[in-house]
Amino acid sequence: MAAGAASGGSAQSDTYAEARTWLLLPAWAVLGIFILAPVLMMLVYSFLTKEFRGGVIWEFSFAAYDQFFCNRGLFGDEPCAIEWTFINIFWRSIWQAGAATLLSLVIGFPTAYFIATRPEKVRPIWVFLITIPYWVNLLIRTVSMKFMLRDQGPLNDFLISTGLIDSPIHIVNTNFAVQLGLFYSYLPFMVLPIYASVERYNFSLSEAAADLYASKWVTLRRVLLPAVKPGVIAGCILVFVPSLGSFLAPDLLGGAKNFMIGSLIEEQFKGNAGNWPFGAAASMILLTMVLIILLIFARQQAKAEKGAG
Amino acid sequence: MASRKYDIKSFPGFLPITALCLVILYAPLLVVTVYSLNDSNSITNWEGVSFRWYVDVFTGPESDKFKIAAWNSFTIAIVAATVSTTIATLAATAMIRGGRFRLRTVSFGLISLPLMVPEIVTAVATLIFFNSIGFTRGYLTILVAHIAFCIPFAYMPISARMQGIEDSYEQAAMDLYASKRQAFTKILLPLMLPGIISGFILAFIISLDDFIITNFVKGAGVETLPTAIFGSVKQGIKPNIMAISTMLLAVSIVMVTISYFVSKSDNTK
Amino acid sequence: MPEKSNAIDVVDAVKRYGDFTALQQISLSIFDNEFFTLLGPSGCGKTTLLRMIAGFEDVTEGAIFLFGEEIENLPPNKRPVNTVFQNYALFPHMTITENVAFGLEMRGKSKSEARTRAGEMLELVQLSQFAARKPSQLSGGQQQRVALARALAPQPKVLLLDEPLSALDLKLRQAMRFELKELQRETGITFIFVTHDQEEALTMSDRIAVMSAGEMQQLGEAKEIYERPHNMFVADFIGETNLLEVSVDQITNGRAVCHLGGGHELTCNEVQGVGVGSKVHMSVRPERLFLSDEPTETESLKGTVRDNIFVGTDIQTIVDLSDGPQMIVRTSNSDRGNKRIFDPGAQAYVNMESEAARLLVD
Numbered sequence: 091m092a093a094g095a096a097s098g099g100s101a102q103s104d105t106y107a108e109a110r111t112w113l114l115l116p117a118w119a120v121l122g123i124f125i126l127a128p129v130l131m132m133l134v135y136s137f138l139t140k141e142f143r144g145g146v147i148w149e150f151s152f153a154a155y156d157q158f159f160c161n162r163g164l165f166g167d168e169p170c171a172i173e174w175t176f177i178n179i180f181w182r183s184i185w186q187a188g189a190a191t192l193l194s195l196v197i198g199f200p201t202a203y204f205i206a207t208r209p210e211k212v213r214p215i216w217v218f219l220i221t222i223p224y225w226v227n228l229l230i231r232t233v234s235m236k237f238m239l240r241d242q243g244p245l246n247d248f249l250i251s252t253g254l255i256d257s258p259i260h261i262v263n264t265n266f267a268v269q270l271g272l273f274y275s276y277l278p279f280m281v282l283p284i285y286a287s288v289e290r291y292n293f294s295l296s297e298a299a300a301d302l303y304a305s306k307w308v309t310l311r312r313v314l315l316p317a318v319k320p321g322v323i324a325g326c327i328l329v330f331v332p333s334l335g336s337f338l339a340p341d342l343l344g345g346a347k348n349f350m351i352g353s354l355i356e357e358q359f360k361g362n363a364g365n366w367p368f369g370a371a372a373s374m375i376l377l378t379m380v381l382i383i384l385l386i387f388a389r390q391q392a393k394a395e396k397g398a399g
Numbered sequence: 090m091a092s093r094k095y096d097i098k099s100f101p102g103f104l105p106i107t108a109l110c111l112v113i114l115y116a117p118l119l120v121v122t123v124y125s126l127n128d129s130n131s132i133t134n135w136e137g138v139s140f141r142w143y144v145d146v147f148t149g150p151e152s153d154k155f156k157i158a159a160w161n162s163f164t165i166a167i168v169a170a171t172v173s174t175t176i177a178t179l180a181a182t183a184m185i186r187g188g189r190f191r192l193r194t195v196s197f198g199l200i201s202l203p204l205m206v207p208e209i210v211t212a213v214a215t216l217i218f219f220n221s222i223g224f225t226r227g228y229l230t231i232l233v234a235h236i237a238f239c240i241p242f243a244y245m246p247i248s249a250r251m252q253g254i255e256d257s258y259e260q261a262a263m264d265l266y267a268s269k270r271q272a273f274t275k276i277l278l279p280l281m282l283p284g285i286i287s288g289f290i291l292a293f294i295i296s297l298d299d300f301i302i303t304n305f306v307k308g309a310g311v312e313t314l315p316t317a318i319f320g321s322v323k324q325g326i327k328p329n330i331m332a333i334s335t336m337l338l339a340v341s342i343v344m345v346t347i348s349y350f351v352s353k354s355d356n357t358k
Numbered sequence: 588m589p590e591k592s593n594a595i596d597v598v599d600a601v602k603r604y605g606d607f608t609a610l611q612q613i614s615l616s617i618f619d620n621e622f623f624t625l626l627g628p629s630g631c632g633k634t635t636l637l638r639m640i641a642g643f644e645d646v647t648e649g650a651i652f653l654f655g656e657e658i659e660n661l662p663p664n665k666r667p668v669n670t671v672f673q674n675y676a677l678f679p680h681m682t683i684t685e686n687v688a689f690g691l692e693m694r695g696k697s698k699s700e701a702r703t704r705a706g707e708m709l710e711l712v713q714l715s716q717f718a719a720r721k722p723s724q725l726s727g728g729q730q731q732r733v734a735l736a737r738a739l740a741p742q743p744k745v746l747l748l749d750e751p752l753s754a755l756d757l758k759l760r761q762a763m764r765f766e767l768k769e770l771q772r773e774t775g776i777t778f779i780f781v782t783h784d785q786e787e788a789l790t791m792s793d794r795i796a797v798m799s800a801g802e803m804q805q806l807g808e809a810k811e812i813y814e815r816p817h818n819m820f821v822a823d824f825i826g827e828t829n830l831l832e833v834s835v836d837q838i839t840n841g842r843a844v845c846h847l848g849g850g851h852e853l854t855c856n857e858v859q860g861v862g863v864g865s866k867v868h869m870s871v872r873p874e875r876l877f878l879s880d881e882p883t884e885t886e887s888l889k890g891t892v893r894d895n896i897f898v899g900t901d902i903q904t905i906v907d908l909s910d911g912p913q914m915i916v917r918t919s920n921s922d923r924g925n926k927r928i929f930d931p932g933a934q935a936y937v938n939m940e941s942e943a944a945r946l947l948v949d
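Residue numbers (the numbering used here), protein chains in the order written: chain A, 91 to 399; chain B, 90 to 358; chain C, 588 to 949.
Treat the hints as calculated values from the structure; they're not laboratory data. We put the beta carbon where it would ideally sit given N, CA and C, even for glycine. A hint or two may mislead.
DSSO-like, lysine-lysine: derived pairs with alpha carbons at most 30 Å apart [said to hold, decoys possible]:
id, chain 1, residue 1, chain 2, residue 2
1, C, Lys696, C, Lys665
2, A, Lys360, B, Lys323
3, B, Lys154, A, Lys360
4, C, Lys698, B, Lys269
5, A, Lys319, A, Lys393
Rough simulated footprint, nothing fancy, chain B against chain C, three-plus residues with beta-carbon under 8 Å [claimed, not checked]:
id, region
6, 652 to 666
7, 689 to 697
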């Protein structure tokens, strides 16, 4: 302890301080050129004119954003009225991602809590069990889910054989199937942060509450939940954000009726039918939404940390 | 503990929900594994156990397509994981052992950028980028894109590991007449090895699994396993797809298990 | 100024972190073949000074000399000085032998030569049978000895020890004090030892530098520091003491006549820098006090016994001086035959030899 304040003032080690520019250069170069520059280029493309066989013409244009937000009638010469088609797709995506997040929370919170209250030695094994499926190819998982949920699939077969239902339930190509797919895709993202914060939680606080005549459920709601809130919010963000832009679950499980942002964007770049500036604009709108959510989240976490520290 | 009547920590119903959670997570994988052993041409009827679809993957009419796709997938994954792990190790050294510096926050933001930007957006951006610089899409574009977005996945376990290693080890080495370079290669690198292996494996799996970005930047004619599988699945789920899926699933699980045990073997204790 | 015969000379060394000054103008000389201790509470700058000598911290201003050679600009791997780290910092991926041989190999010794010497060092610290083990397979005390062997193996000119005993339990710590002292005598290497434990410092050191708030408070032999503290901080930090506020009435022949609250008067040792009329503190160790029914020829102060506290080897008696401050008197249990224990409420006189009472500068 004595060394803490005296041994250099901070926990930030600087053994390799003089080499840091060279050490970071490859990362800066690769990420700057192949992630950051492309995102900026995408921003530029969203303000260009579309080429009919895919690609762009280098002429500045608001057309992509205009097409997204404005309905200018059949001949395109009317004043801007709000175009609901794409806003609705975004709205549906938000709704679907929200439902998937809620589903993950309802299942994920008790799971995370249960794992975090196991003896310390077996906790890593539980965590491992929860995370394995995440590392299995998302495509394979989504296909498996589809196979499982089909009208003639194992789930319906099982339910019919138990006599619970007479005829198969149609799940594939419904909103619920998409929500289930998203839930399945990102569940570990909900469980892990909640698990981490429950594990850090000091259970003598619950005991103190119980000692002061609070029932278990009141203790959970009034003492534990506020303490682990940052973990819960982190989990919700980590599920909601990738769900919002997901492509595989809505494409394979939702069918044509349950179009989400991901599919809308993908379509703009497929074959020759696409509209690249429009796809770029839709991507920018999605990216902006996600960054705003992350920014709010970061602010809140910073505030929560200040409050705790 | 278990015999106590009043346990402040336990809530009724949490155990069944955890069980349900595991069932939901594992049932589809289990079902696909079981049905990949189905001796039937149809995926609906069960006609006994056989390995015919596994044989079909290697010798059937689609086998050439899958072999090439598998070759592409694995070579890209190995190269992308190697390069991104190297870049991430260097970056982590600067971030964790480089003291305080002005560009630290910016660098961290840049490194985590692929995690914050939705995958479909990265895919679109990368496609547009290659298109705008006139780079023909193919094997190389996939590889480059994979290297870039694998960096944060390799970075996370490596930096976490390095944070857990006290700098007194390097100081002790230098106190005992080692140069900074020797302190890095003889002390820091061996201690970081579990983190580096975990980082490599995560990057490898992420690359192997990637569908969305690959689908955008692959160009005509070049397929990886996920894009090949997706193409097949679009025409309906066939038994040979379930056999391939099961094999890929096994690869992932083996890799993650290795990673788990490597990260558990803490050589600083 | 630096002398060739001194192991270390620190000349006007200053250490700043931004606006914060961790060390202000420290100058001290550490003799060759000396067990020297830097003692102070946490954050006093003692570890910073040690790390500056080792080369892990830059010297903001000033200079450091090692046997007359200026070293403050050399990197740690170029200084013939080795450190025993607080947490030992044994390389976890290497065996005990590899750990001890590391420094020798880095100095260019061949592998076999380094191993032979490592073997000798392990013999010196009686750990030969553990040579092939990894650090994690050793107990705390054994790890401590490996760290010593590793730091001594390259035959440094000075050995730095950064609170090396703080991670050990009490019994082991006491045994290691003796071992360390022995090792220093056997090897003839200068040891610079950092600790916050005054008992450790008093029992082991040839000389002690007491530090506080980045400044050196007093430098001297253990006995001198205990018996003749310069100032409030040293008196309070080293051992137990009664600190009383007094005002100085008169000074004659190195003796100061003072009075304290309640009209009590006593004669103390004079200290430089204290003049007539000044209000200062006086320190007197509880074991230098004794109680009596009647005043004695020594300095006697009248009071009432408040309580007796049994603390194993001694009994501590708390006395309220009439209309004055409280004092603690320590009576050794072995002395009980000769000395009376007063019950709470009893009237008694607190007595002391006048040289036991020392005036302090603040």
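Outcome of the hint check:
Restraint check: the Cα-Cα separation between Lys696(C) and Lys665(C) comes to about 15 Å, which is no more than 30 Å; the hinted pair holds. Using a Cα cut-off of 30 Å, the hinted pair Lys360(A) and Lys323(B) holds, with the two alpha carbons roughly 15 Å apart. Distance check on the hinted pair: Lys154(B) and Lys360(A) sit about 22 Å apart at the alpha-carbon level, within 30 Å; holds. Distance restraint check for Lys698(C) and Lys269(B): the Cα-Cα separation of roughly 21 Å lies within the 30 Å cut-off, and the hinted pair is therefore satisfied.
Between Lys319(A) and Lys393(A) the alpha-carbon distance is near 13 Å, which keeps this suggested pair within the 30 Å criterion. Counting residues of the region 652 to 666 of chain C whose C-beta lies closer than 8 Å to any C-beta of chain B gives 4; at least three are required, and the coverage claim holds. Residues of the region 689 to 697 of chain C lying with their CB closer than 8 Å to a CB of chain B number 4, which satisfies the three-residue condition for coverage.
The structure agrees with every numbered hint stated previously.
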